[in-house]
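Protein sequence lines correspond, in order, to chains A and B.
Take 20 as the starting number for the first sequence in my numbering and just add one per residue.
Take 20 as the starting number for the second sequence in my numbering and just add one per residue.
The set of hints was computed from the structure by calculation and includes no laboratory data.
Some clues are possibly wrong.
Pairs involving identical chains hold if they fit within one copy or between any two copies, as the list cannot separate such chains.
[What the hints assert, rightly or not] Only pairs whose alpha carbons sit at most 25 Å apart, straight line, appear in this in silico SDA-like list of lysine to any residue:
| # | residue 1 | residue 2 |
| --- | --- | --- |
| 1 | K22 | E73 |
| 2 | K83 | G150 |
| 3 | K160 | H103 |
| 4 | K40 | P107 |
| 5 | K296 | E211 |
| 6 | K301 | V237 |
| 7 | K83 | Q277 |
| 8 | K113 | K271 |
| 9 | K271 | K296 |
| 10 | K301 | E79 |
Now for the letters of each chain:
Protein chains: 2
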Amino acid sequence: MIKVAIIGYGNIGRAVEEAAKTAPDMVLAGIYHHNDNIDTINADVAVLCTPTRETPAYAERLIKQGIATVDSFDIHTRINEVRHLLDPQDKANKTVSIIAAGWDPGSDSMVRALLAALAPQGITYTNFGPGRSMGHTVAAKAIQGVRNALSMTIPLGTGIHRRMVYIELEDGADFKTVEAAILADDYFAHDETHVIAVQSVDELNNVAHGVNLVRSGVSGTTHNQRFEFNMTINNPALTGQVLVACARAAYKMKAREQYGVFTMIELAPIDLLYGEKEQLIKALV
Amino acid sequence: MIKVAIIGYGNIGRAVEEAAKTAPDMVLAGIYHHNDNIDTINADVAVLCTPTRETPAYAERLIKQGIATVDSFDIHTRINEVRHLLDPQDKANKTVSIIAAGWDPGSDSMVRALLAALAPQGITYTNFGPGRSMGHTVAAKAIQGVRNALSMTIPLGTGIHRRMVYIELEDGADFKTVEAAILADDYFAHDETHVIAVQSVDELNNVAHGVNLVRSGVSGTTHNQRFEFNMTINNPALTGQVLVACARAAYKMKAREQYGVFTMIELAPIDLLYGEKEQLIKALV
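Just chain A, same shape as in the assembly (with noise of 0.2 Å):
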C-alpha cells in the first residue's frame, strides 16, 4: 500500500483525500493543515494542496526526508524554473517530485504533447470553461466597492475568452464606478468583460468547468487531420483524482529509481493507473 500525507486541506485537500480513499492500493498517512509541522512525517508521497506560490518551499522540506511530492502549481510561465530549483534535489535525496499535476496544466497537458505528436505542424486552441476563474474572482474580489465576487469563463472559440463578472455591492457602493474600475484592472482589460450586479453570488457558484482541446494540423504531408479534447467537470474533484494519480505514479517511478522532477507530458499513462500491467494493457491497448 501506498502511503500517501495530503499537505493543506482546502477544497482540493478534501478532493485528494476522497480520491486516496477510494484507489485499492492506497492508504492515508496523515492530513496535515497548512501551518502544521511537516518536517518529520511517514509517507510515501505528500501531495501538496497549499497555495501554488508556497508550494515549492513545501516541496524543499518533504524531499529532504526524501518523500515524494506531486503539486498541481500552476503559475505555467514558472514551471522549468520550479524543475531547476527541485531536480537536483530529488536526486540527491533519491526521490521523485511530480509538479503542475492538475488537468490544465496537467492531463490537458498530455493531450496537448500527444496531439502535437500525432500532427506536428499545426496550431492547438485550449478553450476554457463555462467555469470560474479562481485568479479573475479574487481580482474583482480586491476591488473597492465589492463585498463578493464570481468570475466566470467563457470559451468563444481559438483561445479567446468572455469573462462575466458577478458581483455583490457594498452598501453605498456605485455601480458604474465598480464597473470602470473591473474593466480597467490588468486581469480583465484584455478580454471582452461584462460586469452583472446581483443580489447574492452565493447563490451562483458552482465548481463545473470545462475544456474544448483543438487542433487542425499535419501529419507527413497531409493536412486537415483534425483533433478534438472536450471535458465538462467538477473542477476540484478532477484536480483531486490526477494529484492521487501522480501520487501513484511517483510512487512507481521512486520505486524503479527514475529520479527527478517530472512534468506530466514526461509521465506514462500507465503509471496513472492502478492494476497489474499485463492486465492494464490487454483492457487499454
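Fit chain B to the given chain A structure using the hints.
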C-alpha cells in the same frame, strides 16, 4: 540525426517515408521491400510496415542486430503474446521495440489510459469511423461471386457499429446469394450489415477515418465527469506519423538504456516529440 529504415513499402511504408522526411531530426537509412535482405542493415530504428502477422518475425531479425524496432501490430488480443516474445530479445540485445503503435491500438490507447486515470470508475466507448475497415473489406472480397468490395464502418455510439458493404459482382453472380453469404460470415454476422451492389468500388474508395472516444466516470466520489476525444483523419498518414513519432521515442529510450518492449501507454508523450525538453515543457505544459 536518427537513421530510420523502412521495412515494407505499401501504403503505410510510403506514409512513414513522408513523415520521416518532414522530421527535422531524422534521415532515411533505406527503404526495404518485403523480400529484401534485412539481415545486415545500418540504421538506428527500423519501422516495420509489413503485414501485421509477419511483423514479430521481422522484429526479431532486426533486434538481433541491436536495431530498435517500431510497428503498428494491430491484433489487440495478441499484443501481450508479442511483448513476451520480443522483450527478452530486446533486453539481451540492448535495444527497444515499440509495438502496436498506430492510432488504434496506439494513440487512442494513450487517451483511453489517461481517461481511466482521470475517472477510474466508468465506461469508455470507442466508436470508429466513418471509414474503411481493412479486415472486413478483405473478408467481403473473399466471398464467392464478389469481384471487388469495400466495407465501411459506421459508428452508432456505445461501441456499436454498422457495416456498409459495397460490392462489385462477378459476371453471372446472383446478388441475393452473395448478400446471404456476406451476412452469414463471422465478420458480419454480429453487426447490423447492409450489402449494396455498385458498378465501381474504386469510385467509392477514400482513406478518411475517424474516432469518437467517450468516457463518463467518477473522479474520487464525484460522478458525471465527462470526457470525449474526436478525430477525423487520413488513415495511413496518421499511422505513418505515429510510427515516426514512436521511432523517435524508441531512439531516446534506447539512449537512456530503457531496453525492452513497450506499448504506447508505457511511453511519455514528450518522448514522441522533436525539440529541446525545456522548450517543449514551456510550450505544452
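Structure-based check of all given hints:
1. K22 x E73: within (23 Å within a copy, 46 Å between copies)
2. K83 x G150: neither (37 Å within a copy, 55 Å between copies)
3. K160 x H103: neither (34 Å within a copy, 59 Å between copies)
4. K40 x P107: neither (32 Å within a copy, 38 Å between copies)
5. K296 x E211: Neither way: K296 and E211 sit 48 Å apart in one copy and 35 Å across, limit 25 Å.
6. K301 x V237: Answer is between: at 22 Å across copies they meet the 25 Å cutoff, but 31 Å inside does not.
7. K83 x Q277: within (17 Å within a copy, 28 Å between copies)
8. K113 x K271: Both: 13 Å inside a copy, 23 Å across copies.
9. K271 x K296: both (12 Å within a copy, 22 Å between copies)
10. K301 x E79: between (39 Å within a copy, 22 Å between copies)
The earlier numbered hints that this structure contradicts are 2, 3, 4, 5.
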